[in-house]
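*Asks:* Since chain V is already given, all that's left is putting chain U on it; use the hints.
There are 2 protein chains.
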Amino acid sequence: MSRYELRFSGAGGQGLITAGIIMAKAASIYEGKQAVQSQSYGPEARGGAAKSEVIISEDAIDYPKVTKCDVLLAMTQKACDKYCADIKAGGVLLVDSNLVSTIPQGAFRTVSLPMLKIAKVDVGRVITANMVALGAMVAISGVVSRENAEEAVVSSFPEPFTAINRKAFNHGFERAREVFAAAIQ
Amino acid sequence: MSRYELRFSGAGGQGLITAGIIMAKAASIYEGKQAVQSQSYGPEARGGAAKSEVIISEDAIDYPKVTKCDVLLAMTQKACDKYCADIKAGGVLLVDSNLVSTIPQGAFRTVSLPMLKIAKVDVGRVITANMVALGAMVAISGVVSRENAEEAVVSSFPEPFTAINRKAFNHGFERAREVFAAAIQ
Chain V
0 MSRYELRFSG AGGQGLITAG IIMAKAASIY EGKQAVQSQS YGPEARGGAA
50 KSEVIISEDA IDYPKVTKCD VLLAMTQKAC DKYCADIKAG GVLLVDSNLV
100 STIPQGAFRT VSLPMLKIAK VDVGRVITAN MVALGAMVAI SGVVSRENAE
150 EAVVSSFPEP FTAINRKAFN HGFERAREVF AAAIQ
Chain U
0 MSRYELRFSG AGGQGLITAG IIMAKAASIY EGKQAVQSQS YGPEARGGAA
50 KSEVIISEDA IDYPKVTKCD VLLAMTQKAC DKYCADIKAG GVLLVDSNLV
100 STIPQGAFRT VSLPMLKIAK VDVGRVITAN MVALGAMVAI SGVVSRENAE
150 EAVVSSFPEP FTAINRKAFN HGFERAREVF AAAIQ
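For the protein sequence lines, the chains are V and U, in the order given.
Quick note on numbering that gives the first Met the number 0: the first sequence kicks off at 0 and runs consecutively.
Quick note on numbering that gives the first Met the number 0: the second sequence kicks off at 0 and runs consecutively.
Okay, chain V solo, but in the shape it has when bound (with noise of 0.2 Å):
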């Protein structure tokens, strides 16, 4: 019974529970394996806390929450701060470099990436923020390919949007690759 955890955590309007749709999509359709997602919200609607759960596993998965991540995302302090002690040894913390100032020691490596930055400069619009984010969890954690991670994106979103989301899952995928490779030491 191996499983495969991942946490996205910020707050609310960041697209966080679209990305972990996509990444259990990715896992589940496109790879063939076992995906669960789930996600819980704040009392407000937007800029209060978010969070999505996405359990892969090759079996049957008993337990459809989080017991340790391998990668967990977060987009804001307060999720950071909240959530890094759910972090595997030997697993990933993904942070947001301008959101995220004070980053917290511990068994686990840090990826530290301007992702909303990205998103607006590199790619052109804010919003896709969430699809950068996605592209840098699926470099990091490897558990599902990345070609099949595009398509789930492509599958995701209207015509129109397709290439601008495509092009921020590139992007983080590109950038977090480095900035990994970088954060072994």
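Bear in mind the hints are in silico, worked out from the structure with no lab data behind them.
It is possible that some hints are incorrect.
Stated by the list, open to error - Quick partial rundown of chain U residues pointing at chain V, CB under 8 Å, derived from the structure:
hint: 1; residue: 30
hint: 2; residue: 32
hint: 3; residue: 55
hint: 4; residue: 57
hint: 5; residue: 63
hint: 6; residue: 64
hint: 7; residue: 66
hint: 8; residue: 88
hint: 9; residue: 89
hint: 10; residue: 138
hint: 11; residue: 140
hint: 12; residue: 153
hint: 13; residue: 155
hint: 14; residue: 165
hint: 15; residue: 166
To be verified - Covered, in the sense of this in silico footprint (three residues per stretch, anywhere, with C-beta under 8 Å from a C-beta of chain U), are these stretches of chain V:
hint: 16; stretch: 63-72
hint: 17; stretch: 111-125
hint: 18; stretch: 130-142
For each residue, glycine too, the CB sits at the ideal point set by N, CA and C.
*Replies:* Chain U only, in chain V's frame:
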């Protein structure tokens, strides 16, 4: 109950049991985690199959054997063929590039490194290949820090042999870091 599972597999005489014991020592004595190490041999003492397993956790370890490897080291083709199905999705396969020519495909990343050659040429003693492999396992997994693992290496050999084993460990770490980074694609 988060578990990080490592298996060192290959042939008897390659020093894999020692490598596993030092990994467990790094995790428990130097890192303050729970660790269980176990080993098994084939019928021959030398040249037969050998494997060493290490489970690392922050909590008590209820089951001492590998269920799915986070990282699998295979130092022979036979070991690679036998155990590659046990790698967890998102896990890593580490093989000796001169001893394992047929690399299986799966939902894992592969780091192919000439560990035996590094031990022979760069370190100067082929017998240190197990410490090259240990350095690579530490770089890939991130489950123990480089410093703690190095201390565990140093404390495991009598004085005349500490320098060369430390050198082997560091060569393995550095080379694996490069190759692992390139394997993210």
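*Asks:* Each hint should be assessed against the structure and marked as holding or not.
*Replies:* Hints, one by one, checked against the model:
no.	hint	verdict
1	30	holds (7 Å)
2	32	holds (6 Å)
3	55	holds (6 Å)
4	57	holds (6 Å)
5	63	violated (16 Å)
6	64	violated (13 Å)
7	66	holds (6 Å)
8	88	holds (5 Å)
9	89	holds (3 Å)
10	138	holds (6 Å)
11	140	holds (5 Å)
12	153	violated (19 Å)
13	155	violated (21 Å)
14	165	violated (17 Å)
15	166	violated (18 Å)
16	63-72	holds (count 3)
17	111-125	violated (count 0)
18	130-142	holds (count 4)
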